[in-house]
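Asker: Protein sequences appear in the order of chains A and B.
End of the first sequence sits at 1257 in my numbering; the numbers just go up one at a time, nothing left out.
End of the second sequence sits at 1257 in my numbering; the numbers just go up one at a time, nothing left out.
It should be emphasised that the hints constitute simulated quantities derived from the structure, not laboratory data.
A hint or two may mislead.
Note: identical chains are not told apart, hence a pair may lie in one copy or across any two.
Each computed DSS-like pair below joins lysine-lysine, with the alpha-carbon atoms no more than 30 Å apart [unchecked claim]:
| # | residue 1 | residue 2 |
| --- | --- | --- |
| 1 | K1175 | K1079 |
| 2 | K1145 | K1250 |
| 3 | K1176 | K1250 |
| 4 | K1085 | K1074 |
| 5 | K1145 | K1085 |
| 6 | K1250 | K1085 |
| 7 | K1175 | K1114 |
| 8 | K1079 | K1176 |
| 9 | K1114 | K1074 |
| 10 | K1166 | K1250 |
Number of protein chains: 2
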Amino acid sequence: MNFLEERIMKDGIVKEGNVLKVDSFLNHQMDVALIDEIGAEFARRFAGEKITKVLTIEASGIAIAYAAARAFGVPMVFAKKAKSINIDGDMYSAEVESFTHKNKNMVIVSKKFLSAEDSVLIVDDFLANGCALQGLISITEASGATVAGIGIAIEKGFQYGGRSIRNLGYHLESLAIVESMDPETKTIVFRAQ
Amino acid sequence: MNFLEERIMKDGIVKEGNVLKVDSFLNHQMDVALIDEIGAEFARRFAGEKITKVLTIEASGIAIAYAAARAFGVPMVFAKKAKSINIDGDMYSAEVESFTHKNKNMVIVSKKFLSAEDSVLIVDDFLANGCALQGLISITEASGATVAGIGIAIEKGFQYGGRSIRNLGYHLESLAIVESMDPETKTIVFRAQ
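Produce the complete structure using the sequences and hints provided.
Answerer: Dropping the structure here:
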């Protein structure tokens, strides 16, 4: 097991409905040293790629994207949900459905911050059905930028998001892929990588 | 001028309606080195305080809080807007009105992550009317924790948030306090500190 799988086994909580709670270290309270390690691991796995920007979606992807951006020495951009009066009209946008919140959001990125010269690492904390990721890929490609890679902390391997993204030919690296979880026995099985 | 005031003068854009856009480096695209410097500056200004947690609110406070948490070597917690099915029922909550989005949100922090033993540095990117900050203070004090300090990147000194927080006796440090802005002449006047 790698450092993230070990931490999930130690502090993750399996709940009914295929919910894996990692809110004590990853997406509500954040363990800075762990997230720095995730950023460094993305830098290792995508060392062969030219990365000019790291892109994520608010809110829980921001710290991981920030750690990755530091590791690559590039700016980080986060896609915003809904429209803010502080954002110019000139936006790339995509509609994204949330598995967690059971709703749809428009996500937007200012055209100022992605261009055809960019080679983008897309980062997020979770990958389940892949809707958020598809939105970020769509925005990146609309800008003319290249998707150089996709880095995920935890992938739910029993949902179809990861498979469909890999089938499309993207270089997707998930640090922990949960193959199955059982809320009764509290067991978590990771895919061997 | 300090490093943040200089960056605001260089890349900030003054718009009608007292809007200061800093989305190229602070709250949409993020300059990692600048935000690390903000974290380090908070560590310097609150060096005399015992800090056990850094608390912020999603989304644009997360990277700054993360940088501050690294500088102090403590966990970061971000308050979430609205209710997620992935969050337990046991929550501290406060209602917060957004100046930017002209709406109200319930913000919540799990009771697991704040307790009477905690001494909290509250951090955010902007302080205007202070609603978000008041919510975070209310949540911190409901938990029995101490508000050890409040660190803000940019304060709009012509709105009443900062004054009311200081009047209440909190140790508030804003790295840049905008005294006035003029969208026609593109000028920004900072408060001398």
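Asker: Compare the structure with each hint and give your call.
Answerer: Tested hints:
When the C-alpha separation of K1175 and K1079 is checked against a cutoff of 30 Å, the pair qualifies only between copies, where the shortest distance is 18 Å, while the shortest distance within a copy is 40 Å. With identical chains, the CA atoms of K1145 and K1250 are at most 30 Å apart between copies only, with a shortest distance of 29 Å across copies and 34 Å within one. Proximity of K1176 to K1250 under the C-alpha cut-off of 30 Å is restricted to the inter-copy arrangement: shortest distance 20 Å between copies versus 46 Å within a copy. In the homo-oligomer, the alpha carbons of K1085 and K1074 lie at most 30 Å apart inside one protomer (12 Å), although the nearest pairing across protomers, at 42 Å, exceeds that limit.
Within a single copy, K1145 and K1085 get their C-alpha atoms as close as 23 Å, and across copies as close as 17 Å, so both meet the 30 Å cut-off. For the homomeric pair K1250 and K1085, the shortest alpha-carbon distance inside one copy (12 Å) is at most 30 Å, but the shortest distance between copies (47 Å) is not. In the homo-oligomer, the alpha carbons of K1175 and K1114 lie at most 30 Å apart inside one protomer (21 Å), although the nearest pairing across protomers, at 42 Å, exceeds that limit. Taking the shortest Cα distances, K1079 and K1176 sit within 30 Å of each other only across copies (17 Å), while inside one copy they are farther apart (41 Å).
In this assembly of identical chains, the alpha carbons of K1114 and K1074 lie at most 30 Å apart only when taken from different copies (28 Å versus 35 Å within one copy). Taking the shortest Cα distances, K1166 and K1250 sit within 30 Å of each other inside one copy (25 Å), while across copies they are farther apart (43 Å).
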